[in-house]
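4 protein chains.
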Amino acid sequence: MNQFFVYHRTIHFSDTDAAGVVYFANGLSMCHEAYEASIAASGIALQSFFRGTAIAVPITHASIDFYKPMFCGDCIAISLAPSLRSPAEFQIAYDLYFDREDPERTAIARALTTHVCIDSSTRKRCNLSDQLLKWINKV
Amino acid sequence: MNQFFVYHRTIHFSDTDAAGVVYFANGLSMCHEAYEASIAASGIALQSFFRGTAIAVPITHASIDFYKPMFCGDCIAISLAPSLRSPAEFQIAYDLYFDREDPERTAIARALTTHVCIDSSTRKRCNLSDQLLKWINKV
Amino acid sequence: MNQFFVYHRTIHFSDTDAAGVVYFANGLSMCHEAYEASIAASGIALQSFFRGTAIAVPITHASIDFYKPMFCGDCIAISLAPSLRSPAEFQIAYDLYFDREDPERTAIARALTTHVCIDSSTRKRCNLSDQLLKWINKV
Amino acid sequence: MNQFFVYHRTIHFSDTDAAGVVYFANGLSMCHEAYEASIAASGIALQSFFRGTAIAVPITHASIDFYKPMFCGDCIAISLAPSLRSPAEFQIAYDLYFDREDPERTAIARALTTHVCIDSSTRKRCNLSDQLLKWINKV
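Heads up: the protein sequence lines correspond to chains A, B, C and D, in order. With the working numbering applied, the first sequence corresponds to residues 546 to 684, in that order. With the working numbering applied, the second sequence corresponds to residues 546 to 684, in that order. With the working numbering applied, the third sequence corresponds to residues 546 to 684, in that order. With the working numbering applied, the fourth sequence corresponds to residues 546 to 684, in that order.
Check each hint, because a few of them may be wrong.
Since the list gives no way to pick one copy over another, a pair counts as held whenever it fits inside one copy or between any two copies.
To be verified - Straight-line C-alpha distance at most 30 Å; calculated BS3-like pairs for lysine-lysine:
| id | residue 1 | residue 2 |
| --- | --- | --- |
| 1 | 669 | 679 |
| 2 | 613 | 669 |
| 3 | 613 | 679 |
| 4 | 669 | 683 |
Since the hints were derived computationally from the structure, they do not count as laboratory data.
Take these sequences, add in the hints, and give me the full structure.
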């Protein structure tokens, strides 16, 4: 059974918009940061992985639901749980909550991303690398 | 029956990431730009509307599906169609396609955002303004 | 003598921050958009130019001064004037002003970027392409 | 004499562009994050400080010089040193370097921001708060 990887993050001024809270699309960027941190923690080299020279793993679907506004300076935590969907595809579920003494772990937002492994030149689906499979099983 | 509002957009360098294509979360930002352009075209003043001084209309859900990669310099079009979901809530559906002589209008991506009208101080739901209702019915 | 290229732009919600105005670094992104539009107008293909496969033209210096705040929905114009500094280097000066019936063309901001042509693999300076020289002389 | 505040940061995928390195304007955003972390460490509440309800401290000038490219996954450090320029104005100098066992602390970039204290309603200059003066003298 998968354990969760948790990423800690302070809300930056650049994350916010004129309504005073986090701009909605930046909520997904923060989830992607959590994914990057988890990938790096598993030993995968981020630079070549995300540069996608031979194989790329683009996002084909993303969704996010917001329950609470996030303000500049808020400390949040993002837990993520990847799961295999097919030999070429995986999904990551994210839970965002306030990173403080909050026994109830109030949910701020919940997100989902789907990632498909492709050959960079043909852009056709191919199987996930062993490194990624190991990461999915370990996180 | 609603007609569609269409927004035209060139992909900027700042929209892209090291994989060479549009960063996924920026796809949603472009949809929001289309929403802003549509709102402005209906005569609503963007500055006060998005500042949310008395009433705010935050996004509670967003999702996007990608079918084709977008590269710096690509000219795209985004058509949007809002619909009322309840007295306090509306949804916008977005279609992204290449903005060129393409009789097939190849879909690049499809997105959805849900917006809820709230009182800025109490953050409780309230009814959409007449201006917004007019915009939803006209677009 | 160089004529100016002028780029027109509406301030998006995503450009703003919780202080209600354009986030400072986004002022430079808008200038870069003006540069991209000018480059594209001269016939240079943006995708390969900015992908930098053989030759890249990274920014080595950028500066910006702000005189007026910019709000969501504001329509602005950015005029740009490039100039050659050495066989491998050029600079672009940008003027931002409100895009409306304003005989005084009130300056909102003024910016500067320096670009150096390098070989992508060695990252050593090399001469600007004929295409870029033509663009600098024409704009 | 001022001591330096140091902020640690991993380069995110969203910081990069299609040239494979950090998008130039994002270099300044990272410096602003360092400023926010330093302000928060001094005990100033970020949310109200950056919301600028009574008094705001907008950036009137920013500049950055790049010496090395930054790639996704790179761990960097940003040291910052603020200095008072007038009763209403301060400047921050930033040094960016690789955050690793590098006895030479290779400079990646160097930046500067100027901040002016204004009354939010009149947008006229006013004196820096005691909190900010304390922060400038302590960092």
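Structure-based check of all given hints:
Taking identical chains as interchangeable, the C-alpha atoms of residue 669 and residue 679 lie at most 30 Å apart only when both belong to the same chain, with a minimum of 22 Å there against 39 Å between chains. In this assembly of identical chains, residue 613 and residue 669 lie within 30 Å of each other by CA distance solely across copies; the values are 12 Å between and 39 Å within a copy. In this homomeric assembly, residue 613 and residue 679 come within 30 Å of each other (Cα to Cα) only across copies, at 28 Å, whereas the closest approach inside a single copy is 34 Å. Within a single copy, residue 669 and residue 683 get their C-alpha atoms as close as 27 Å, which meets the 30 Å cut-off; across copies the closest is 41 Å, which misses it.
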